[in-house]
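Trainee: The chain contents come next:
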Amino acid sequence: MYTKEIQREMVGFKLNGKPRKGYVEPRLLLSDFLRHELGTLSVHVGCEHGVCGACTILVDGKSVRSCLMLAVQAQGSHVETAESLASVDEMSDLQQAFRRHHALQCGFCTAGILMSCVDFLVCEPDPTEEQVRDMLSGHLCRCTGYTGIVRAVLDVANERKIKLENKNFV
Amino acid sequence: MKPASFDYACPTSKREVLATLSEHGQDARIIAGGQSLMAILNMRMTQPKLLIDINRIEELSYIKLKKSYLAVGACIRQTELLSWKGLGEAVPMLSLVMPWIGHVQTRNRGTVCGSLAHADPSSELPLCLITLGGKLVLESTKGRRVLTAEEFFQGVLTTACRADELVTEVRFPLGQANTSYRFNEIAMRHGDFAIISLAAVVGVNEVRLGVGGVADRPVVRNFTVDTELATTLNKMAWSLNAQDDTQASAAYRRQLVRELGLRLIIEGY
Chain S
1 MYTKEIQREM
11 VGFKLNGKPR
21 KGYVEPRLLL
31 SDFLRHELGT
41 LSVHVGCEHG
51 VCGACTILVD
61 GKSVRSCLML
71 AVQAQGSHVE
81 TAESLASVDE
91 MSDLQQAFRR
101 HHALQCGFCT
111 AGILMSCVDF
121 LVCEPDPTEE
131 QVRDMLSGHL
141 CRCTGYTGIV
151 RAVLDVANER
161 KIKLENKNFV
Chain H
1 MKPASFDYAC
11 PTSKREVLAT
21 LSEHGQDARI
31 IAGGQSLMAI
41 LNMRMTQPKL
51 LIDINRIEEL
61 SYIKLKKSYL
71 AVGACIRQTE
81 LLSWKGLGEA
91 VPMLSLVMPW
101 IGHVQTRNRG
111 TVCGSLAHAD
121 PSSELPLCLI
131 TLGGKLVLES
141 TKGRRVLTAE
151 EFFQGVLTTA
161 CRADELVTEV
171 RFPLGQANTS
181 YRFNEIAMRH
191 GDFAIISLAA
201 VVGVNEVRLG
211 VGGVADRPVV
221 RNFTVDTELA
231 TTLNKMAWSL
241 NAQDDTQASA
251 AYRRQLVREL
261 GLRLIIEGY
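Residue numbers (my numbering), protein chains in the order written: chain S, 1 to 170; chain H, 1 to 269.
Chain S extracted, bound-state conformation (with noise of 0.2 Å):
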């Protein structure tokens, strides 16, 4: 496949589940595609170098900055965004736990969180503070001094866990 500036590739993904599609040029960003094309708004821009993680999305199930892949990038993939984490009516376990702990505040920040925390909890279903705190470098926030986020991660951890272990009791 060889594209000119110019001209525009048919990109196609699937997207929260849904299958997705739209013209692009090749520069253009998989965060400017996903935001200003496809509307999904729970991706936030901020730094655009890959440093404050606000725009963090899984691809493919992995954690990755979506400021840092380029739409054509994503023929053929799995984008998840924050949308995909809520059903109609009711918030996931982890962003009622943001809730609980006061883990946000501006919320800036929130929706790139919650994407590295989905595919953080699936590789380390039962995590320490340390490697909690570790996958919390890879953000920033201005306002929570991270203490509340620290601790709603833990407490979803906790609670799947006895969630499991009942399942497994039963």
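Hint data in this document are derived by calculation from the structure and do not stem from the laboratory.
Any given hint might turn out to be false.
[Said to hold, decoys possible] Not close to chain H: a few residues of chain S, all C-beta gaps over 10 Å, as computed:
{"no.": "1", "residue": "Lys4"}
{"no.": "2", "residue": "Gly17"}
{"no.": "3", "residue": "Pro19"}
{"no.": "4", "residue": "Arg27"}
{"no.": "5", "residue": "Gly53"}
{"no.": "6", "residue": "Val59"}
{"no.": "7", "residue": "Ser84"}
{"no.": "8", "residue": "Leu85"}
{"no.": "9", "residue": "Ser87"}
{"no.": "10", "residue": "Gly107"}
{"no.": "11", "residue": "Asp126"}
{"no.": "12", "residue": "Thr147"}
{"no.": "13", "residue": "Arg151"}
{"no.": "14", "residue": "Asn158"}
{"no.": "15", "residue": "Lys163"}
[What the hints assert, rightly or not] The calculated lysine-lysine pairs, modelled on DSS-like cross-linking and capped at a C-alpha distance of 27 Å, are:
{"no.": "16", "chain 1": "H", "residue 1": "Lys64", "chain 2": "H", "residue 2": "Lys142"}
{"no.": "17", "chain 1": "S", "residue 1": "Lys62", "chain 2": "H", "residue 2": "Lys2"}
{"no.": "18", "chain 1": "S", "residue 1": "Lys21", "chain 2": "H", "residue 2": "Lys2"}
{"no.": "19", "chain 1": "S", "residue 1": "Lys62", "chain 2": "S", "residue 2": "Lys14"}
{"no.": "20", "chain 1": "H", "residue 1": "Lys14", "chain 2": "S", "residue 2": "Lys62"}
{"no.": "21", "chain 1": "S", "residue 1": "Lys4", "chain 2": "S", "residue 2": "Lys14"}
{"no.": "22", "chain 1": "H", "residue 1": "Lys49", "chain 2": "S", "residue 2": "Lys21"}
{"no.": "23", "chain 1": "H", "residue 1": "Lys64", "chain 2": "H", "residue 2": "Lys135"}
{"no.": "24", "chain 1": "H", "residue 1": "Lys49", "chain 2": "H", "residue 2": "Lys14"}
{"no.": "25", "chain 1": "H", "residue 1": "Lys2", "chain 2": "H", "residue 2": "Lys142"}
{"no.": "26", "chain 1": "H", "residue 1": "Lys67", "chain 2": "H", "residue 2": "Lys85"}
{"no.": "27", "chain 1": "S", "residue 1": "Lys62", "chain 2": "S", "residue 2": "Lys18"}
{"no.": "28", "chain 1": "S", "residue 1": "Lys21", "chain 2": "S", "residue 2": "Lys62"}
{"no.": "29", "chain 1": "S", "residue 1": "Lys4", "chain 2": "H", "residue 2": "Lys85"}
{"no.": "30", "chain 1": "H", "residue 1": "Lys2", "chain 2": "S", "residue 2": "Lys4"}
{"no.": "31", "chain 1": "S", "residue 1": "Lys4", "chain 2": "H", "residue 2": "Lys49"}
{"no.": "32", "chain 1": "H", "residue 1": "Lys85", "chain 2": "H", "residue 2": "Lys49"}
{"no.": "33", "chain 1": "H", "residue 1": "Lys64", "chain 2": "H", "residue 2": "Lys235"}
{"no.": "34", "chain 1": "H", "residue 1": "Lys135", "chain 2": "H", "residue 2": "Lys66"}
{"no.": "35", "chain 1": "H", "residue 1": "Lys67", "chain 2": "H", "residue 2": "Lys135"}
{"no.": "36", "chain 1": "H", "residue 1": "Lys85", "chain 2": "S", "residue 2": "Lys62"}
{"no.": "37", "chain 1": "H", "residue 1": "Lys85", "chain 2": "H", "residue 2": "Lys135"}
{"no.": "38", "chain 1": "H", "residue 1": "Lys64", "chain 2": "H", "residue 2": "Lys14"}
{"no.": "39", "chain 1": "H", "residue 1": "Lys85", "chain 2": "S", "residue 2": "Lys161"}
{"no.": "40", "chain 1": "H", "residue 1": "Lys85", "chain 2": "H", "residue 2": "Lys64"}
Every residue gets a Cβ at the ideal spot worked out from N, C-alpha and C, and that includes glycine.
Go by the hints and put chain H onto chain S.
Mentor: Leaving out everything else, chain H in the frame of chain S:
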């Protein structure tokens, strides 16, 4: 901050990449994980005419354990190598060093070879490779070359890779018995650019010490552990031509080479 426009090629075989590279040469840049390149594209510090994406080349996605080295193909992401079973036994230094690279969110996409080809003087993988005495495989339509890490790294973001060449593989020498591998780094925050990073291969009486983040490339020296160790480290510290910058002064960097070097070799951390 959006990248300037460029043409985009997404080949599916190594042959195709090499052909496109030899046709466009200087005007083209290879993109793999893009965790360094996308940032400098966004800041328009580089404006290539063509971006060649190697993410869909399956033949470059391999980790192979050979007799004397671990071969890692150009498309292997840092997370993939870090979670590869047996990494700690095969190349103990890598298990130590890799958690220090950026953050999990950038390691999920950044590649091992990409970080080496980018050749940032403060990044961990070049330091690791040069300290272990590893090699890189470069390929073009004209053939292939195998360079040692010392030949490859030439300066800040500068390598011996020609415009028509692709770094296809990196070879990390396997861990040896009776040898201990050590690493430490000082940065403003974990995951930030290192002010200094040190890697040491410590044998019975001799040591191989690599220092990153001070000179324009990672530098490695061999010496024996004797009563003169402090003097040797002092000489090494002065030879690195440390510079003042916004993060740290040259004197502080020299002091870190002396103090952390000694601690890493004698006390092991």
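Trainee: Does each hint hold? Answer for all of them.
Mentor: So, going through the hints one by one against the coordinates:
| no. | hint | verdict |
| --- | --- | --- |
| 1 | Lys4 | violated (5 Å) |
| 2 | Gly17 | holds (21 Å) |
| 3 | Pro19 | holds (20 Å) |
| 4 | Arg27 | violated (5 Å) |
| 5 | Gly53 | violated (6 Å) |
| 6 | Val59 | violated (8 Å) |
| 7 | Ser84 | holds (17 Å) |
| 8 | Leu85 | holds (17 Å) |
| 9 | Ser87 | holds (26 Å) |
| 10 | Gly107 | holds (19 Å) |
| 11 | Asp126 | holds (17 Å) |
| 12 | Thr147 | holds (17 Å) |
| 13 | Arg151 | holds (20 Å) |
| 14 | Asn158 | holds (21 Å) |
| 15 | Lys163 | holds (25 Å) |
| 16 | H/Lys64 / H/Lys142 | holds (25 Å) |
| 17 | S/Lys62 / H/Lys2 | holds (24 Å) |
| 18 | S/Lys21 / H/Lys2 | holds (21 Å) |
| 19 | S/Lys62 / S/Lys14 | holds (14 Å) |
| 20 | H/Lys14 / S/Lys62 | holds (26 Å) |
| 21 | S/Lys4 / S/Lys14 | holds (25 Å) |
| 22 | H/Lys49 / S/Lys21 | holds (26 Å) |
| 23 | H/Lys64 / H/Lys135 | holds (14 Å) |
| 24 | H/Lys49 / H/Lys14 | holds (20 Å) |
| 25 | H/Lys2 / H/Lys142 | violated (35 Å) |
| 26 | H/Lys67 / H/Lys85 | holds (17 Å) |
| 27 | S/Lys62 / S/Lys18 | holds (18 Å) |
| 28 | S/Lys21 / S/Lys62 | holds (21 Å) |
| 29 | S/Lys4 / H/Lys85 | violated (41 Å) |
| 30 | H/Lys2 / S/Lys4 | holds (17 Å) |
| 31 | S/Lys4 / H/Lys49 | holds (10 Å) |
| 32 | H/Lys85 / H/Lys49 | violated (40 Å) |
| 33 | H/Lys64 / H/Lys235 | violated (39 Å) |
| 34 | H/Lys135 / H/Lys66 | holds (13 Å) |
| 35 | H/Lys67 / H/Lys135 | holds (14 Å) |
| 36 | H/Lys85 / S/Lys62 | holds (19 Å) |
| 37 | H/Lys85 / H/Lys135 | holds (22 Å) |
| 38 | H/Lys64 / H/Lys14 | holds (18 Å) |
| 39 | H/Lys85 / S/Lys161 | holds (26 Å) |
| 40 | H/Lys85 / H/Lys64 | holds (12 Å) |
Hint compliance for this structure: hints 1, 4, 5, 6, 25, 29, 32 and 33 are not met, and every other hint is.
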